[in-house]
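A.B. asks: Using full-length UniProt numbering, you'd call the opening residue of the sequence shown number 1 and step up by one each time.
Treat the hints as calculated values from the structure; they're not laboratory data. Among the hints, a few may not be true.
Derived DSSO-like pairs: lysine-lysine, alpha-carbon spacing no greater than 27 Å straight-line [said to hold, decoys possible]:
hint: 1; residue 1: LYS95; residue 2: LYS127
hint: 2; residue 1: LYS73; residue 2: LYS127
hint: 3; residue 1: LYS73; residue 2: LYS62
hint: 4; residue 1: LYS127; residue 2: LYS62
hint: 5; residue 1: LYS95; residue 2: LYS62
hint: 6; residue 1: LYS95; residue 2: LYS73
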Amino acid sequence: MSSSKPNSYEKFTDAPPATGIPVSSSNPYFSGAHDHHHDQDNSRMPDAPPYHLHVRTPEPWKSGLLDCFSDPKSCCITFWCPCITFGQIAEIVDKGSISCGASGALYTLIAFVTGCSCIYSCFYRSKLRQQYTLEESPCGDCLVHCFCEPCALCQEYRELQSRGFNMAIGWDGNMDARNHEVAMAPVPPMVEEGMSRDK
Numbered sequence: 001m002s003s004s005k006p007n008s009y010e011k012f013t014d015a016p017p018a019t020g021i022p023v024s025s026s027n028p029y030f031s032g033a034h035d036h037h038h039d040q041d042n043s044r045m046p047d048a049p050p051y052h053l054h055v056r057t058p059e060p061w062k063s064g065l066l067d068c069f070s071d072p073k074s075c076c077i078t079f080w081c082p083c084i085t086f087g088q089i090a091e092i093v094d095k096g097s098i099s100c101g102a103s104g105a106l107y108t109l110i111a112f113v114t115g116c117s118c119i120y121s122c123f124y125r126s127k128l129r130q131q132y133t134l135e136e137s138p139c140g141d142c143l144v145h146c147f148c149e150p151c152a153l154c155q156e157y158r159e160l161q162s163r164g165f166n167m168a169i170g171w172d173g174n175m176d177a178r179n180h181e182v183a184m185a186p187v188p189p190m191v192e193e194g195m196s197r198d199k
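Using the sequences and the hints, build the whole thing.
C.D. replies: Next comes the structure, spelled out in structure tokens:
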């Protein structure tokens, strides 16, 4: 005997298939994404303005790759003892987390073991460029260091010098000097709230 009541199987087969996408909505502002605020007050909030990221364009280096003789002292030191120049650069780029001596010793060890210290130093050129948004010129960082290691180190040394770093005193010395300058800077006068600027 079949009953006049439809069984539960027939109830579900008559309904449209469940797809997870609502077929219709009583909210006229429904745009496909379910928002609890829209369901509560049945009004649409104004769209937020699009957020634009400001991407800085890479700027050129302060000096060229082959301008080594503009600073003859650092040029001679780099030619005879590149580990010294590299250690000074690495300490500033790493913000003092590794000392000049440790970086220079590691550079020398890699040079003696592999004969290619540029494998290590090219990463610091990339790090320096990222910190100051510098152009990757005249070619890739690894190529610059592989084919012109002393010139690359001299250029990076001069770049940091031109940005106010005293390479001889290292990161700690530069930070002490900068903190002193900030402390000695004049403080602009404060204007209390509610007071008019022109009296």
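A.B. asks: All hints, please: hold or fail.
C.D. replies: A quick look at each hint next to the structure:
no.: 1; hint: LYS95 - LYS127; in the structure: holds (11 Å)
no.: 2; hint: LYS73 - LYS127; in the structure: holds (25 Å)
no.: 3; hint: LYS73 - LYS62; in the structure: holds (18 Å)
no.: 4; hint: LYS127 - LYS62; in the structure: holds (17 Å)
no.: 5; hint: LYS95 - LYS62; in the structure: holds (21 Å)
no.: 6; hint: LYS95 - LYS73; in the structure: holds (24 Å)
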